[in-house]
Amino acid sequence: MKGLNLMLVLLGLLAGGPLQAAVSLSGTRLVFDGRFREVSIEARNRGTEEVLLQAWLSDANEGPEPSVNLPFVLTPPLVRLAPEHRQVLRLMYEGLGMPVGRESLLHLYVLEIPRSRPGDGLLNIAIRQRINVLYRPPGLPGDPAATPQRLNWTLVRDDSGVHRLRVENPTVFHAALLNIQIEEDPLQGTSQPLGDDLLVPPGERRELILARSPAQHLRFKALTDYGGQRVYRARLAFGTPFNASLSADTAHSEQKVSSHD
Numbered sequence: 001m002k003g004l005n006l007m008l009v010l011l012g013l014l015a016g017g018p019l020q021a022a023v024s025l026s027g028t029r030l031v032f033d034g035r036f037r038e039v040s041i042e043a044r045n046r047g048t049e050e051v052l053l054q055a056w057l058s059d060a061n062e063g064p065e066p067s068v069n070l071p072f073v074l075t076p077p078l079v080r081l082a083p084e085h086r087q088v089l090r091l092m093y094e095g096l097g098m099p100v101g102r103e104s105l106l107h108l109y110v111l112e113i114p115r116s117r118p119g120d121g122l123l124n125i126a127i128r129q130r131i132n133v134l135y136r137p138p139g140l141p142g143d144p145a146a147t148p149q150r151l152n153w154t155l156v157r158d159d160s161g162v163h164r165l166r167v168e169n170p171t172v173f174h175a176a177l178l179n180i181q182i183e184e185d186p187l188q189g190t191s192q193p194l195g196d197d198l199l200v201p202p203g204e205r206r207e208l209i210l211a212r213s214p215a216q217h218l219r220f221k222a223l224t225d226y227g228g229q230r231v232y233r234a235r236l237a238f239g240t241p242f243n244a245s246l247s248a249d250t251a252h253s254e255q256k257v258s259s260h261d
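In UniProt numbering, the protein residues as written are 1 to 261.
These aren't lab readings, by the way, just hints derived from the structure by calculation. Incorrect hints may appear among the rest.
Quick list of the computed label-pair ranges, beta carbon to beta carbon [to be verified]:
id	residue 1	residue 2	range
1	96	65	20 to 30 Å
2	162	138	39 to 49 Å
3	192	79	45 to 55 Å
4	207	82	24 to 34 Å
5	207	61	16 to 26 Å
6	238	49	53 to 63 Å
7	184	146	25 to 35 Å
8	217	79	43 to 53 Å
9	82	146	41 to 51 Å
10	197	64	17 to 27 Å
Yeah, the Cβ is synthetic: ideal placement off N, Cα and C, and Gly gets one too.
Take these sequences, add in the hints, and give me the full structure.
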């Protein structure tokens, strides 16, 4: 599998641009509510040729290899998908084996293998997609939608004089952040980008390095359970933890995410 992954990357570079997948998924993330026995996502072949679809689940900490010890069943693991046809991928939990006090992160991989025709002289390239699967056991305290507002941010300066922005997640849910930036001059529309995406697991901390001295405000987007985006802003406070609030322009930015989180 590792050799195949490397080959796909090299072929993508030789092709001179990003590869376009014929198969699309109905969501950019999958939240498994532990109150129910299963969750599903739909794969659709938007191409003009039949493809072979292979799907598997892996532990987020173990790389793309299929995890045989996870207490889940994914069906079907392998299926042929005709043009403009759809296939529902069902993920079922066996009932035991996952942490019950916090949300867990898994990865769902979908490998799209084009049909090979003898003698056509064409190079067939398999394309792999990955989305996050959040297993959420029943009875967790708090509201997952409130997680971005509960994040604790702290602006510090280390011994070398570099400014660092720390973010701690005190909740039992994952926080998926996008377009993190420091607003340097809101009137001029200038800002200092800090990262395109950042996933902060429950109880963990992440750190971002500022290239320049900070201005007054932090701005970022956070993903909802349904793949939408909400905007949050906070006034920077040096050395003192602070929280962000839902921005007034959230209504204009809530949209389906077109890329993976």
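Against the structure, the hints:
In this structure the supplied range 20 to 30 Å holds for residue 96 paired with residue 65, their Cβ-Cβ distance being about 23 Å. One distance hint, 39 to 49 Å for the beta-carbon pair residue 162 and residue 138, holds here, with the actual separation near 43 Å. The beta-carbon spacing between residue 192 and residue 79, approximately 46 Å, falls within the hinted interval of 45 to 55 Å. Restraint check, residue 207 to residue 82: a C-beta distance of roughly 48 Å breaks the suggested window 24 to 34 Å.
Look at residue 207 against residue 61: about 19 Å separates their beta carbons, and that is inside 16 to 26 Å. Residue 238 and residue 49 have their C-beta atoms about 58 Å apart, which keeps the hinted 53 to 63 Å range intact. Distance hint check: the CB atoms of residue 184 and residue 146 are about 29 Å apart, consistent with the given range 25 to 35 Å. With their beta carbons about 49 Å apart, residue 217 and residue 79 fall inside the hinted range of 43 to 53 Å.
For residue 82 paired with residue 146, a C-beta distance near 43 Å keeps the hint of 41 to 51 Å intact. Between residue 197 and residue 64 the beta carbon distance is about 18 Å. The supplied range of 17 to 27 Å therefore holds.
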